[in-house]
Each structure stands twice: as structure tokens, then as C-alpha cells.
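Protein chains in written order, with our numbering: chain A, 73 to 398; chain B, 376 to 451; chain C, 88 to 578.
One should not assume that every hint holds.
As the list claims (entries may be wrong) - No farther apart than 25 Å at their CA atoms in a straight line, the calculated lysine to aspartate or glutamate pairs in the DMTMM-like style are these:
id : chain 1 : residue 1 : chain 2 : residue 2
1  : B       : Lys437    : C       : Glu228
2  : C       : Lys516    : A       : Asp368
3  : B       : Lys437    : C       : Asp221
4  : B       : Lys437    : C       : Asp375
5  : A       : Lys330    : A       : Asp368
6  : B       : Lys429    : C       : Asp158
7  : C       : Lys161    : C       : Glu228
8  : A       : Lys86     : C       : Glu270
9  : A       : Lys146    : A       : Asp116
10 : B       : Lys429    : B       : Glu393
11 : A       : Lys255    : A       : Glu219
I should point out that these hints are in silico values taken from the structure, not numbers from a laboratory.
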Amino acid sequence: MRMMENGARRFVAKGLFLGVLFYAVSLLFSALFAQAWDWRSWQDPRKRLLYEPVPGNSDIILLGDSIWISSYVKSEEDALWKVLEKLTGKRVFNATLNGADPPDFLNAVKLLPKRETTGTVVFLDVVPTRFLPRNYVEPAQGNYPGEFSGLVADGLIRRFMVSLRKPLLVFDTDIVMNCLLRKTYFSVGDDRPRVWAKDGDFALKRFQTFERYIVDTDDLRRMDWITGLKTALDRKGYRLVIVVTPVNQFLIREYAGKDKAEIYLTRISRARGALVRFLQENQIEYVDCSGEADADGFADLIHTNARGDEKVAEKMAGYIRLHRQE
Amino acid sequence: MISDRLKRVILTELQLDEFSLEDSTIADTVPGWDSLSHTRIITAVEAEYGIHFKTVEVIRLKNVGDLQALVDRKLA
Amino acid sequence: MYFNSLAFGVFLAVVWLVYQFTPDRHRWLALALASLGFYASLKAPLLLFALGLVAILSYALGHCIARQENDALKLRLLWVGIAVNIGVLCLVKYLQPIAGVLCPSLVPAGRQVNLFVTIGVSYFTLQAICYLADIYLGRVEPERHLGRFALYLGFFPKLLQGPIERAGDLLPQLQAPYRCSYENMRSGALLFAWGLFKKTAVANRLALYVNTVYGDVHSYGGVSLLMATYMYAIQIYADFSGYTDMALGVARFFNIRLTQNFNSPYLATSVADFWRRWHISFSRWILDYIFRPLQVLWRGGGNYGTAAALLVTFLFSGLWHGVAWGFVIWGLLHGTYLAGSVFYKPWASRIAQRLGFQNHPVRRVVQTVVTFHLVCMAWIFFRAGSVADGWYVLTHLLGGVGGYLAAAFENLRHLTQHKELVDPILLGKTLPRFLLLLASLAVFGTASLLRDCIRIQARSAWVRWPAYYLLASATAFLGVYNDVGFVYFQF
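Please work from the sequences and hints to get the whole structure.
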């Protein structure tokens with residue numbers, strides 16, 4: 073420091089001072105904000121993982137993607153996590169994220185607190201269509217790289233930056249904007265109770281996109297990310313239970329050409345079979361909900377509505393009851 | 376020293392009646408002498424003296440004095 | 088290493104500290120090594136090799152040209168220098184696309200051609216050419232010190248996106264001894280912060296909207312296409328000038344003043360004026376080293392010669408930006424605008440003079456608006472994913488706009504209740520997101536206007552510090568930091 077010139081020394085000192093001052097002021101504003109506002113209740117209940125620390129006393133954690141974010145129910149009371157809570161009487165935490173892929177699941181696991189006793193079940197939804205090859209490349213970092221990089225980090229410097237950034241609520245654009253305008257998260261726009269066959273061409277358009285992106289082959293995509301997930305969860309003291317979710321075969325028969333429908337159904341059935349075999353071979357627990365939902369339980373090809381969700385939740389509750397003793 | 380003949384050519388092209396052109400005068404200081412009129416002036420000078428400049432020679436010109444020197448060289 | 092990344096912040100701090108403790112005669116080495124490391128962080132060894140090659144050859148040729156007495160040989164050496172640099176530029180820039188066409192098996196499928204990575208080469212090769220040309224024209228003496236010359240080419244703040252520095256401007260600064268100036272540090276930091284704001288809060292935020300529309304032009308109507316085009320005009324200005332401000336700010340930490348690259352370009356009253364305000368170092372380069380020589384060469388053709396020279400110059404400009412028809416069309420459009428003005432301008436000025444509104448303020452406003460729209464029209468092709476897309480946008484820009492405006496006026500008070508009026512503007516995103524965009528633009532606009540009125544550096548700390556805090560907060564709150572948008576499919 074002594075060797076540096078006057079100007080340089082002055083700049084470094086002033087810069088550090090201002091940096092600390094600005095940080096302190098921002099911290100103060102954030103603390104005031106958190107005190108004055110119940111900001112958590114204004115946020116999107118479907119993104120809880122991103123702004124709420126996972127409670128250390130949850131009994132059940134739901135991990136997954138759009139299939140479990142309950143887009144097509146009337147209100148949060150009918151959401152899967154609430155229904156499951158009612159059926160089992162246990163504390164359920166919703167850690168699902170819309171459009172999540174395996175890299176996002178692994179990131180989500182990093183956010184779970186370590187448990188001393190193994191008991192908490194982590195349900196993960198896996199739909200057999202996940203293993204049908206498609207002709208686009210899924211991003212290797214997952215679909216929430218920005219969000220997760222602000223929450224979990226590898227490396228000392230990054231972890232230090234994340235821990236500095238986290239308390240500054242006031243700079244979290246999503247959190248603040250959600251508090252400015254009260255948003256309705258259920259029964260608004262496309263996210264409302266709907267049944268695929270009685271709702272215009274919403275489901276048809278989605279299915280056509282599916283047909284455009286699915287590759288015409290009998291191969292199946294890799295499943296080993298599931299074992300990776302199990303290892304990560306085991307290390308933290310959680311039990312991974314895969315829930316094989318149902319596919320809307322009624323829609324396929326209705327919207328695909330006759331021959332095509334048979335091909336799709338065969339491939340999906342093979343994918344399901346391969347998944348179950350994989351899970352059995354790797355001693356991963358699972359609940360098979362294929363065929364649980366009837367024609368009115370679906371909003372489109374793979375997403376269930378309240379009716380379908382309830383059937384799946386019942387099966388999951390049945391699993392919980394069965395394994396209560398363990 | 377800028378010859379009267381050269382001065383006349385330049386001033387005619389720029390439609391100026393009177394302007395002091397010295398060795399050190401540069402284009403920017405003469406009203407109306409921009410890149411468009413520059414090529415017109417060059418062409419007019421070539422026509423007046425019956426000479427031809429190479430592109431490189433024109434680009435090298437920094438001021439009116441250089442232009443006069445170039446003309447003198449071509450005539451010699 | 089992008090300027091707006093954590094890694095760069097750490098890099099800059101380390102380099103600056105080392106620079107403070109380095110003795111004067113070795114300071115060039117510190118910067119040169121830093122620049123080398125910076126370029127190496129892009130993980131493209133071909134580029135380092137190109138920089139080294141260009142530096143050594145241009146250094147040698149510079150001395151040969153200066154020492155050569157024979158005029159004809161002197162010129163020939165200059166041409167060799169130009170050819171070498173253009174050759175390196177073409178090889179690096181066009182190698183991958185050409186290889187992809189000639190031997191597809193050599194180019195691994197799906198590997199992105201990192202346009203950003205090749206841009207560094209575009210800049211230092213042009214800078215080397217202008218160095219050699221300036222030596223030839225006797226404007227500058229060749230640099231004796233090879234290391235300092237390499238630094239002149241590869242100085243890390245200006246390495247990736249310019250500005251293109253003239254030898255007469257930068258070399259003397261690199262030769263001068265360094266005394267840390269608190270004023271330079273302060274103004275540099277402020278400039279960097281402002282550039283960061285422009286890039287993350289304005290450009291990245293606009294990109295969210297522009298990418299949505301330009302990524303799928305057929306799904307959007309006239310109003311959306313029009314909005315996205317205007318947004319892109321602001322986006323590219325904020326992006327490029329933001330990056331340049333960051334570069335200039337960083338250079339100031341080392342007492343180096345790089346040239347201003349932008350000067351309120353959208354206030355231009357003609358396309359020619361626009362090019363005097365946009366990417367100034369580049370347009371001066373193409374003006375001095377492509378347009379002027381061609382114009383003189385083709386002086387026999389009078390105005391037509393000049394027009395042709397303009398077209399060729401801007402064709403080069405288009406190709407320099409990238410090997411794609413979109414860039415070529417963009418360049419040719421600007422060339423056409425300028426070539427047209429060669430014929431149009433004298434006639435228009437004469438009429439204006441005769442009618443007496445030569446200097447009328449309304450005329451200026453009209454000229455500015457017309458120029459802005461001509462430039463926007465060219466941006467369409469610069470941005471569109473393909474020429475077909477660009478053509479689609481151009482031909483559908485005004486579709487339904489009249490009807491939309493009429494409907495909007497009628498329902499002005501209940502605008503938010505009419506989904507069909509609000510959707511084309513929100514472009515499928517939420518209202519809060521749009522409000523954030525408006526906030527960014529408001530801060531951008533206000534600060535730009537106030538910048539010249541309120542000389543912030545001259546005020547007391549009571550004014551300065553809250554202003555700094557506001558800027559930092561605006562950058563943190565309004566900035567978009569994750570990669571804009573993602574494509575996911577759950578069907």
C-alpha cells in the first residue's frame with residue numbers, strides 16, 4: 073500500500089469505503105422491506121424453491137417439472153401439494169419448477185437441507201415421454217441457470233458472492249415486482265381448469281408441437297441421471313421415490329393418425345417398461361401411476377388437471393401409508 | 376507560392392470570388408471544399424494543365440502547397 | 088471474458104494493482120501480458136496466433152516501408168501489408184463457414200461459430216492496415232519497440248470490439264510515463280458503470296422482447312414487428328455504446344484515452360451525419376482507406392464515381408460484420424442511401440434555400456426522423472435471422488397499424504382491459520416486465536439528457552454519492568444477467 077501512488081491509494085480507499093457503504097444501505101433497505109411486507113405470500117407458489125428456504129422439517133418434498141406445478145386447477149387449494157397434504161396429513165414442500173430438466177433437478181437437490189435421519193421422501197415425477205428422442209438439444213445447464221447461479225454455487229469465490237447477494241432482497245427484481253402488483257396465479261389465462269377434449273385446440277396444438285419435435289426412432293434416451301439424483305439425495309439423507317406419471321392415450325388415439333397412434337402408444341409403453349426395469353435394477357423405489365387418470369383427468373398429452381392430480385395423489389398417499397413404519 | 380492559374384481553377388470550381396490560398400491552406404478551411412468538391416477540383420486541375428495524377432499522389436496531398444508542388448512536378 | 092462478468096472484475100483489479108507496483112519501464116509488459124491472458128481466456132488459440140502474426144509482420148513491414156526510398160517499392164510493400172492483414176482476417180473469420188461448406192466432416196456438428204470470438208481479429212487487422220498506411224503517407228513514424236507495438240494492437244480494453252485506434256493517438260500514450268491520476272480513475276469508473284448499466288439494464292432487457300419477435304416473425308402482426316424494430320434500434324445502440332463506454336472506462340484506469348465511438352447517433356440529420364456519429368472509429372477507417380482512394384480513382388465518373396465508391400465501401404462494411412446476406416443487404420442499403428444523397432442533397436438544399444427554410448427547426452426534426460427510420464429499415468436486415476425473415480418484417484411492418492391506433496385511441500381509458508390491444512405491445516410477456524423495460528428506458532433517457540447539464544463530477548459528495556448509488560442500484564435491479572430467454576419443451 074505504501075508503494076502505491078497517492079492517487080491510487082485514495083481511489084482504492086474511497087472505492088472500498090463506498091462499496092461497503094452502498095452494501096450496508098442496501099442491506100438496511102432489504103431488512104426494512106422484509107419487515108414491512110409479507111413478501112413471501114405475494115410470490116408465485118409454483119416457484120417456491122427459488123425464494124423460500126426448504127424447511128428442515130418437511131416430511132414430503134415434491135420435485136419435478138410442469139407436470140406437477142398444477143397449472144390446470146382452480147386455486148392453490150386444489151394444487152397437488154395441498155391435496156397430498158390433506159390426504160397424508162404430512163408437511164409437503166413444493167420444489168417443482170416449470171420446464172425443469174435433469175440439470176435443474178440436480179441443482180434443486182443442492183438447495184435441500186441435510187437431514188440427519190432418513191425419512192423425508194422426495195417424490196420426482198417422470199413421464200415416459202421424457203425418454204423419447206427429440207430433435208432439439210436441451211441446454212446442458214438446465215433451464216434455470218441464472219436463478220440457480222444466484223442460489224447455489226461451486227467454488228469459494230462464487231459461494232462468497234452468492235452469500236453476499238442473497239440478503240439483498242431489494243435487488244431481486246422478481247420478488248419486488250411481484251409485490252407491486254397482486255398477481256393471480258391460478259385460474260388466469262391459459263392456467264385454468266381444463267379438459268383436453270372440451271377446450272378448443274389448446275391440446276391439439278401442443279400435440280402437434282410434440283409430433284414436430286419427436287424423432288421417428290425406437291431408441292430411448294439415457295436414464296442414468298436418475299441414479300445420479302438418487303446418489304445426491306442419499307448423501308443428504310432423503311429417500312428418492314420416482315412417480316411414473318400417466319400419459320393421455322385417449323388424446324393420442326384421437327389426434328394422431330390411426331397408424332401413428334399405434335406407433336406412439338407402443339413406444340411410450342416401451343419407454344415406461346424400460347423405465348420400470350431401470351428403476352428395479354437400480355433399486356430405486358417407485359410408484360407407477362400409469363393409467364391412473366381417465367380421459368377427463370388430462371389437460372393435454374401429459375399434464376393432468378385437478379381430477380387427474382387427485383388420482384395420482386391418492387396413489388402417492390397410499391405409498392406413504394404403506395411405508396410409514398419404515 | 377501558389378500560382379494564379381491554380382488559384383483560378385480552384386476558386387472557379389468552388390464558385391468563390393476571393394479567398395486567400397497559401398501553401399499551408401488545408402481543404403477544411405476553405406468554404407465548400409469537401410470530399411465531393413475535392414474530386415471535382417482535382418479533375419479540373421488535371422483538365423486545365425493536361426496532366427494526370429495517380430490515385431496515391433492525390434491521397435498524399437496534405438495542403439494546397441502539396442498540390443502546387445505536384446502540379447509543378449508533373450509539368451517538369 | 089465479457090466485461091460484465093465477475094471474472095473480468097477480478098482480472099481488472101489484479102491487473103491494475105500489479106500495474107501500480109510495476110516500475111515504469113516494464114509497465115508495457117504488464118499490460119501486454121494482461122492482454123495476452125485476456126485474449127487467451129476466450130479459449131481460441133487460433134486468435135492468439137493471428138494476433139502474433141499480424142503484430143510481427145506489421146511491425147517489420149512498417150519499418151521496411153519507412154526506410155524504403157523508392158516510391159513504387161514503397162507502395163508495393165504497403166500492398167503486401169494490406170494483403171497479409173486482409174488474408175489473416177478472411178482466414179480466421181471465414182475459415183469455419185467455408186470449411187463447413189467444403190468439408191462438412193471436419194466441422195463438428197452443432198458447434199457454434201462464436202461470432203464474438205472472431206470480432207477481435209476484425210479490429211486489430213484494420214488497425215494494423217491503418218498503421219501501415221499512415222507510415223506510407225508519412226503521417227507517423229514506425230514504432231521501435233515490438234512489445235509496445237503488439238500492445239498497441241492488442242490492448243485488452245479495445246481488443247474485442249474496438250475502437251480502432253490511430254497510431255498517432257494511441258502510441259504516444261503508450262510511450263508516456265504513468266502517474267496514477269485520481270481524476271482519471273474516478274471518471275473511468277463512472278464511465279464503466281454507465282456502460283454496464285446500458286448493456287445489462289437497457290440492451291439485455293430490450294433483447295428479451297426483440298429476440299421473441301425476430302425469432303419467429305411470422306407469428307407477429309404489424310404493431311409488434313414495428314415495436315420490435317424500434318426496440319432493436321435502441322438495443323444495438325445501448326449494447327454497442329455500453330460496451331464501448333466500459334472499454335473507455337477501463338482504459339482510463341491506465342491513463343489511456345481511447346477515441347469516442349458514438350456521438351448521439353440517432354440525432355443525425357442525414358445518413359452521412361449518422362456515420363459521423365455511429366461507430367466513429369470504424370466509419371473514419373472505411374472513409375479514409377476505402378472511400379477516399381476509390382473516389383479519387385473513379386473521379387472520372389463525377390457523381391457516379393462517388394456513388395459507386397460509396398456502394399463498394401459499405402458493401403465492405405457489411406461483409407466485415409459477417410458473412411451473411413443480412414449484413415450485405417444492410418451494408419448495401421446504407422451505401423444506397425449515401426449514394427442517393429450524392430445526387431439528392433445539392434438539389435434538396437437548393438430548394439430549401441430558395442423556399443427559405445434552410446435552417447428551420449422543423450426541417451431539422453423532419454430530417455432527423457427520416458434518417459432514423461432509414462437506419463431502422465436497414466437494421467431490420469442486420470437483425471433478422473434470414474433475408475426472408477427480413478423481407479417479411481419489412482413488408483408487414485405497417486400491417487394493421489392504422490386500425491390498431493384507431494382502436495387504441497377509442498379505448499384509451501380502458502386500454503388494459505382490451506387484451507387484443509395490449510398483447511401486441513407486451514409481446515406475450517407480463518405487464519410487470521414491460522414496466523421494468525419502461526423504467527430502464529426512463530433511467531437511460533433521463534440520465535443521458537441530464538449528463539451534459541449536470542456535471543456530476545463537479546458537485547459535492549452529497550450529490551455525487553446518492554447519484555452513484557442510484558446508478559448502481561438501477562444496474563442491479565433492472566439489469567438482466569442470465570442468458571436471455573430459454574427454449575424448453577414440455578409437451
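Comparing the hints with the structure gives:
1. B:Lys437 - C:Glu228: holds (17 Å)
2. C:Lys516 - A:Asp368: Violated, at roughly 30 Å.
3. B:Lys437 - C:Asp221: holds (13 Å)
4. B:Lys437 - C:Asp375: This hinted pair holds, its Cα atoms lying about 13 Å apart.
5. A:Lys330 - A:Asp368: holds (22 Å)
6. B:Lys429 - C:Asp158: At roughly 12 Å apart (the allowed maximum being 25 Å), Asp158 of chain C and Lys429 of chain B satisfy the hint.
7. C:Lys161 - C:Glu228: It holds: about 15 Å lies between the C-alpha atoms, which stays within 25 Å.
8. A:Lys86 - C:Glu270: holds (13 Å)
9. A:Lys146 - A:Asp116: Holds, at roughly 15 Å.
10. B:Lys429 - B:Glu393: The given pair, whose Cα atoms are some 29 Å apart, is violated under the 25 Å limit.
11. A:Lys255 - A:Glu219: Distance of about 21 Å is within 25 Å: holds.
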